Structure formats: C-alpha cells, structure tokens
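Student: Residue numbers are given in the working numbering: position 15 of the sequence shown equals residue 15, and the series is strictly consecutive.
Everything labelled a hint here was simulated from the structure, so no lab data went into it.
Please note that a few of the clues may not be correct.
[Claimed, not checked] For lysine-lysine, the following DSSO-like pairs were computed, each having C-alpha atoms within a straight-line distance of at most 27 angstroms:
| hint | residue 1 | residue 2 |
| --- | --- | --- |
| 1 | K24 | K75 |
| 2 | K22 | K62 |
| 3 | K24 | K64 |
| 4 | K76 | K64 |
| 5 | K62 | K42 |
| 6 | K22 | K42 |
| 7 | K62 | K24 |
| 8 | K50 | K64 |
| 9 | K64 | K42 |
| 10 | K64 | K27 |
| 11 | K42 | K18 |
| 12 | K25 | K50 |
| 13 | K75 | K25 |
| 14 | K25 | K42 |
| 15 | K17 | K42 |
[Unchecked claim] Pairwise CB distance ranges, derived in the manner of DEER restraints:
| hint | residue 1 | residue 2 | range |
| --- | --- | --- | --- |
| 16 | D70 | H21 | 15 to 23 angstroms |
| 17 | K75 | H15 | 30 to 38 angstroms |
| 18 | A23 | L74 | 16 to 24 angstroms |
| 19 | K50 | K27 | 18 to 26 angstroms |
| 20 | S37 | A71 | 27 to 35 angstroms |
| 21 | K18 | D70 | 28 to 36 angstroms |
| 22 | D70 | E14 | 29 to 37 angstroms |
| 23 | K64 | T31 | 17 to 25 angstroms |
| 24 | H15 | K76 | 32 to 40 angstroms |
| 25 | V61 | S28 | 33 to 41 angstroms |
All of these numbers come straight from a predicted model, not from anything done at the bench.
No residue lacks a Cβ here, since even glycine has one placed at the ideal position from N, Cα and C.
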Amino acid sequence: MFDRGKAKYFHGREHEKKIFHKAKKTKSGTTFLIQGSPVVGKTALLEELKQIAIDENWGVVKIKPNGLWDAGQLKKY
Numbered sequence: 001m002f003d004r005g006k007a008k009y010f011h012g013r014e015h016e017k018k019i020f021h022k023a024k025k026t027k028s029g030t031t032f033l034i035q036g037s038p039v040v041g042k043t044a045l046l047e048e049l050k051q052i053a054i055d056e057n058w059g060v061v062k063i064k065p066n067g068l069w070d071a072g073q074l075k076k077y
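With these hints in hand, go ahead and build the complete structure from the sequences.
Tutor: Below is the structure:
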C-alpha cells in the first residue's frame, strides 16, 4: 500500500489541530504520535499539519526514517 497524501476534502481532527497550534503559541513544543488503523487518515492529517506549519512559517523538513534514531542524520537538516 502507498501513502495517499493530501486529502481532497479534509475535515475533522480539530482536537489534534488545537494541540498543534497550542505548541506554537506557548512555545512549549511537543511530540506527536499519530497512529491508527489503515485508511483512517493518518497521512492526510500529517499533510494538513504540515500545511499549517508552512503557513505559520515553521521550519519543515522531510527526513528519512533512520533520522528518527540517528543524530548524524538529523544534523543534516
């Protein structure tokens, strides 16, 4: 299966978006774990949050999976 990407019509997930905005507003940062059954909209939610971040001038990068545990990989970004 492949990631479907951005949803044509995205709706809902207001709670998740509020947490995302709160992290920016309070400058407290946070870590998100997005999990769920196949086809529930995880990738669509990530695309929506990415667009919010871009619109609010956050630094947004795409990392390779090994960047999650390899500090040397993260330093490249």
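Student: Each of the hints needs a verdict: does it hold here or not?
Tutor: Hints versus structure:
no. : hint                          : verdict
1   : K24 / K75                     : holds, 22 angstroms
2   : K22 / K62                     : holds, 22 angstroms
3   : K24 / K64                     : holds, 24 angstroms
4   : K76 / K64                     : holds, 11 angstroms
5   : K62 / K42                     : holds, 16 angstroms
6   : K22 / K42                     : holds, 20 angstroms
7   : K62 / K24                     : holds, 19 angstroms
8   : K50 / K64                     : holds, 16 angstroms
9   : K64 / K42                     : holds, 18 angstroms
10  : K64 / K27                     : holds, 26 angstroms
11  : K42 / K18                     : holds, 16 angstroms
12  : K25 / K50                     : holds, 16 angstroms
13  : K75 / K25                     : holds, 26 angstroms
14  : K25 / K42                     : holds, 24 angstroms
15  : K17 / K42                     : holds, 13 angstroms
16  : D70 / H21: 15 to 23 angstroms : violated, 30 angstroms
17  : K75 / H15: 30 to 38 angstroms : holds, 33 angstroms
18  : A23 / L74: 16 to 24 angstroms : holds, 19 angstroms
19  : K50 / K27: 18 to 26 angstroms : holds, 20 angstroms
20  : S37 / A71: 27 to 35 angstroms : holds, 32 angstroms
21  : K18 / D70: 28 to 36 angstroms : holds, 32 angstroms
22  : D70 / E14: 29 to 37 angstroms : holds, 35 angstroms
23  : K64 / T31: 17 to 25 angstroms : holds, 19 angstroms
24  : H15 / K76: 32 to 40 angstroms : holds, 33 angstroms
25  : V61 / S28: 33 to 41 angstroms : violated, 21 angstroms
Comparing the model with each earlier hint shows violations of hints 16, 25; every other hint is respected.
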